[in-house]
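If you read the sequences in order, they're chains A and B.
Letter 152 of the first sequence, counting from 1, is numbered 152 in the numbering used here, and no numbers are missing.
Letter 71 of the second sequence, counting from 1, is numbered 71 in the numbering used here, and no numbers are missing.
It should be emphasised that the hints constitute simulated quantities derived from the structure, not laboratory data.
All values reported here derive from a predicted model rather than from experimental measurement.
It is possible that part of the hints are untrue.
Which bits of chain B does chain A cover? Going by a derived footprint, with three or more residues having C-beta under 8 angstroms, they are [unchecked claim]:
#, region
1, 52-63
2, 92-99
3, 111-118
Derived Cβ-Cβ restraints for the label pairs, each shown as a range [claimed, not checked]:
#, chain 1, residue 1, chain 2, residue 2, range
4, B, THR166, A, ALA24, 24 to 30 angstroms
5, B, HIS136, A, ASN30, 39 to 45 angstroms
6, A, PRO120, B, GLN120, 36 to 42 angstroms
Far from chain A, some chain B residues (derived; all Cβ distances over 10 angstroms) [to be verified]:
#, residue
7, ARG21
8, GLY22
9, LEU30
10, ASN46
11, ARG124
12, ARG129
13, PRO155
14, VAL173
15, GLY187
16, ASP202
For every residue, glycine included, the Cβ atom is placed at its ideal position computed from N, Cα and C.
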Amino acid sequence: MNEPRMLPAFIGLLRRDLLLAYRARGEAINPLVFFVMVACLFPLATSAAPNLLRTLAPGVIWVTALLATLLSMDQLFRGDYEDGALEQLVLSPQPLALLALAKILAHWLVTGLPLTLTSPLLAMFLQLPDDAYPALLLTLLFGTPVLSAIGSIGAALTVSLRRGGILLSLLILPLYIPVLIFAASAVDAAGHGLPVTGQLLLLAALAVGALTLAPLATAAALRISLD
Amino acid sequence: MTSAAFAASHCLRAEGLESLRGEVMLFENLAFTLNAGQVLQVDGHNGAGKTTLLRTLAGLTLPEAGEVYWDGEPVRRNRAAFAEVLNYVGHQHGVKAGLTVLENLQVYRRLTGGSGDPAQALIRMGLERQLDNLGHTLSAGQRRRAALARLLLRPAPLWIIDEPYTALDVNGVALVDELVREQVRAGGMVVLTSHQRVELSDLPLVRLRLGA
Numbered sequence: 001m002n003e004p005r006m007l008p009a010f011i012g013l014l015r016r017d018l019l020l021a022y023r024a025r026g027e028a029i030n031p032l033v034f035f036v037m038v039a040c041l042f043p044l045a046t047s048a049a050p051n052l053l054r055t056l057a058p059g060v061i062w063v064t065a066l067l068a069t070l071l072s073m074d075q076l077f078r079g080d081y082e083d084g085a086l087e088q089l090v091l092s093p094q095p096l097a098l099l100a101l102a103k104i105l106a107h108w109l110v111t112g113l114p115l116t117l118t119s120p121l122l123a124m125f126l127q128l129p130d131d132a133y134p135a136l137l138l139t140l141l142f143g144t145p146v147l148s149a150i151g152s153i154g155a156a157l158t159v160s161l162r163r164g165g166i167l168l169s170l171l172i173l174p175l176y177i178p179v180l181i182f183a184a185s186a187v188d189a190a191g192h193g194l195p196v197t198g199q200l201l202l203l204a205a206l207a208v209g210a211l212t213l214a215p216l217a218t219a220a221a222l223r224i225s226l227d
Numbered sequence: 001m002t003s004a005a006f007a008a009s010h011c012l013r014a015e016g017l018e019s020l021r022g023e024v025m026l027f028e029n030l031a032f033t034l035n036a037g038q039v040l041q042v043d044g045h046n047g048a049g050k051t052t053l054l055r056t057l058a059g060l061t062l063p064e065a066g067e068v069y070w071d072g073e074p075v076r077r078n079r080a081a082f083a084e085v086l087n088y089v090g091h092q093h094g095v096k097a098g099l100t101v102l103e104n105l106q107v108y109r110r111l112t113g114g115s116g117d118p119a120q121a122l123i124r125m126g127l128e129r130q131l132d133n134l135g136h137t138l139s140a141g142q143r144r145r146a147a148l149a150r151l152l153l154r155p156a157p158l159w160i161i162d163e164p165y166t167a168l169d170v171n172g173v174a175l176v177d178e179l180v181r182e183q184v185r186a187g188g189m190v191v192l193t194s195h196q197r198v199e200l201s202d203l204p205l206v207r208l209r210l211g212a
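Using the sequences plus the hints, can you model the full thing?
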């Protein structure tokens with residue numbers, strides 16, 4: 001088909017989603033507020049002892065980031081499904097996987113990137129060692145796109161269900177486990193002064209893999225959901 | 001705006017179509033042929049399967065049995081090519097509440113690669129004073145007009161329009177009739193459903209009655 005038209009379609013959809021998120025910014029910021037609030041609960045619920053917090057910090061920050069992403073995932077296709085815009089996307093002459101990638105990228109820019117950028121603040125609350133900051137930022141930078149990409153498959157599969165939220169969590173959480181393991185262990189290792197290149201490369205590979213393959217699965221799931 | 005004339009050889013054909021809703025048979029063994037310059041009007045009571053049939057023709061829903069052919073090729077095997085020749089306006093309007101009317105059409109044009117002017121299309125549909133209004137401020141009729149404006153962005157030989165007259169006032173109905181006439185005159189086809197009597201009896205009309 002006409003390849004020169006794919007890029008305008010991709011950018012058009014990306015801009016549309018960012019504009020919609022900007023106009024509903026009160027709503028778009030919710031996962032970020034959730035991220036900060038939940039992480040703040042841990043010192044209150046356990047103890048403010050620096051040693052304990054330092055041990056918990058990598059896991060707490062990563063689990064919280066994962067839940068915050070999950071919270072926003074259900075909305076990825078729901079609006080488009082409800083107002084009929086999804087039918088227009090599916091029937092557009094552009095490859096649906098490309099349009100799914102644009103939606104995933106928009107989701108990451110609105111959710112994953114802000115989480116990554118606020119994470120040093122939480123790291124400070126939770127007494128994360130200074131050495132672990134770069135690892136925390138890098139794992140979130142590589143890991144959150146994977147969360148958005150895998151989550152989009154679940155969102156596409158559950159979009160036609162009225163209450164797909166819980167099912168979406170059950171479908172997607174197990175698939176988030178590899179990211180969680182490598183990311184949290186990398187941050188932990190960095191805090192102890194150990195090398196983390198291996199985990200970071202694995203996360204980067206996961207990101208490349210997820211961003212390449214997830215849009216194809218998402219596109220197929222969207223077609224099933226509309227049938 | 002739909003001045004491009006389409007090839008007279010285009011043909012939309014359905015063979016042995018069968019669809020279920022849950023366990024209920026909506027239609028079976030449904031067949032028709034629609035040639036260039038013809039209008040297919042799908043009739044039937046509520047729940048007869050009109051929307052399902054249109055979604056099946058557009059390729060959104062797969063039939064239980066049967067096949068839809070465009071120019072002799074099965075549509076489900078040539079999705080991308082079929083998307084190039086199809087303008088579909090569904091039951092849901094697809095107008096984003098958080099975008100202005102003009103932005104809605106601009107995004108649609110980028111998605112489909114159309115060449116029409118979004119502002120001109122909206123003015124034609126009588127929305128010249130709503131161009132910069134957000135989608136959620138529109139009335140149901142205005143939203144339908146905005147959805148129908150998509151038809152003007154890209155010439156396509158096949159239009160599939162679900163309930164084009166819903167919520168439209170007298171002027172809106174006349175406008176839709178005018179668009180359909182132009183499409184037919186350009187050698188295009190139109191598939192539409194409607195509860196209302198359609199004032200298109202002067203056109204080559206194929207009637208299909210569901211659930212009779």
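Checked against the structure, which of the hints given earlier come out wrong? 5 and 6
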